[in-house]
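S.K.: Here is how the chains run, residue by residue.
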Amino acid sequence: MAKPKSNFKNMVIALLGVTLVASASLGLVYDATKAPIAKAEMDKQTNAIAAVLPAFDKLGETYKMLPADGKDSIEIFPALDANNTEVGKAVKTYTNKGFSGYIEIMVGFDKQGSISGFKVLKHAETPGLGSKMDEWFSNAEKESQYIIGLTPGNSALKVKKDGGNIDAITAATISSRAFLDAINRANATANSQYIDGSSSATKKEDHKEQEPQIQ
Amino acid sequence: MNQWKNFSKGFIKENPVFVLLLGMCPTLGTTGSAINGLGMGLATTFVLLMSNIVVSLVKNLIPDKVRIPAFIVIIATFVTIVQMAMQAYAPALYESLGLFIPLIVVNCIILGRAEAFASKNTLVSSALDGLGIGLGFAFALTILGGVRELLGSGKIFNITIYPENYGMLLFILAPGAFIALGYIIALISKLNKQKA
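Same order as they appear, the protein sequences are chains Z and W.
In this text, residue positions in the first sequence follow my numbering: the first is 87, and each later residue adds one.
In this text, residue positions in the second sequence follow my numbering: the first is 855, and each later residue adds one.
If we strip away everything but chain Z, and leave its shape as in the complex, we get:
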């Protein structure tokens, strides 16, 4: 078959045909993948919540709160036991201060406002450096970098360089700062009831006497 001439009519017909077929096939694929995509995202969120919280029976209604120092709200998933008493909450928090910008973290707090676990959901930090957030801050062998069990309360968590008492990831201080920034944002927003007034929260022994110094 001879190639159609490049006149106006043929060009319009050819492009129209190509785009029509393209959009129709994309529509089909979109429909086919919509449910699996939503499921994959839901699964990820549910797994993250389960991973950061102590045992719970069901999740309460999700609500959103606007942090004092950010434009976007953070999502809070309260965890309830069988009697509908709150046993803790998972907080989907974020920071924009990462080495490559946005980082999203799911962090869990128990009843006393202590960190019960965390999981980095989204980040673009340097592989091999800032990307080690998950393992680094949950390394139970190194007390000065293990943040699970800490109760941030009034005092924000800080890396040692900023006068705090948490070891930053080697060669990734900016990522570490950003990580703690996100945790602090979650704590300050979701646990505000523990911050004002007298809280029953207890700090871990080792961190008792070390007040953060501003440099």
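Since no wrong hints were added, every one of them can be taken at face value.
Restricting the straight-line Cα-Cα distance to at most 25 Å, the calculated cross-link-like pairs of lysine-lysine (DSS-like) are:
#	chain 1	residue 1	chain 2	residue 2
1	Z	Lys205	W	Lys1009
2	W	Lys1009	Z	Lys208
3	Z	Lys205	Z	Lys244
4	Z	Lys228	W	Lys1009
5	Z	Lys157	Z	Lys205
Partial list, derived from the structure: chain W residues whose beta carbon lies under 8 Å from chain Z:
#	residue
6	Asn914
7	Leu915
8	Ile916
9	Ala924
10	Val927
11	Thr934
12	Ala939
13	Gln941
14	Tyr943
15	Pro945
16	Leu1023
17	Ile1026
18	Leu1027
Just a sample of chain Z residues kept apart from chain W, beta carbon distances all over 12 Å, derived:
#	residue
19	Leu145
20	Gly146
21	Pro153
22	Lys157
23	Glu227
24	Gln231
25	Val245
26	Asp248
27	Asn270
In short, the hints are calculated from the structure, not lab data.
All C-beta atoms in this analysis are idealised placements derived from N, C-alpha and C, irrespective of residue type, glycine included.
Fit chain W to the supplied structure of chain Z, relying on the hints for placement.
M.R.: This is chain W only, laid out in the frame that chain Z set:
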């Protein structure tokens, strides 16, 4: 014999990364680890194979003056399909490749093969060409990702070869991509010269 050449030339003789030096942006950007390189390579292979097939099928229906926009639409369609499928069935890989998936659309390897090969050859040759060049690309990205991952963090496909502390961080970072790529290109050029 000729058809076999259409397929096999993509690996060494006309390897898109090491010899033709095409598609450098995803090559340097996604090869921080072997698995990312392989994922990116296979996604590109699929797009390349499908777009080559379709382009060679419609080559006689598209007027010359609008062939490039038509090819781009075809390529973009397959890229979007890959993106949605990956998001649905391989969300972890989708996240680590991120922006580079939609950028396959403007990967010059794909438009280059559509324009230079598929629009002039038969269906079978074009499919073999797409598959060969695509697998060559995947092969190159996996090698480069593997080298960088091994030198940088002591692992290949997340299997530890030596302790991470001894790794040269440089290779995980951007400059390492250039250095590793340079040495591999030198090696491949030497091999090609010896053969010729």
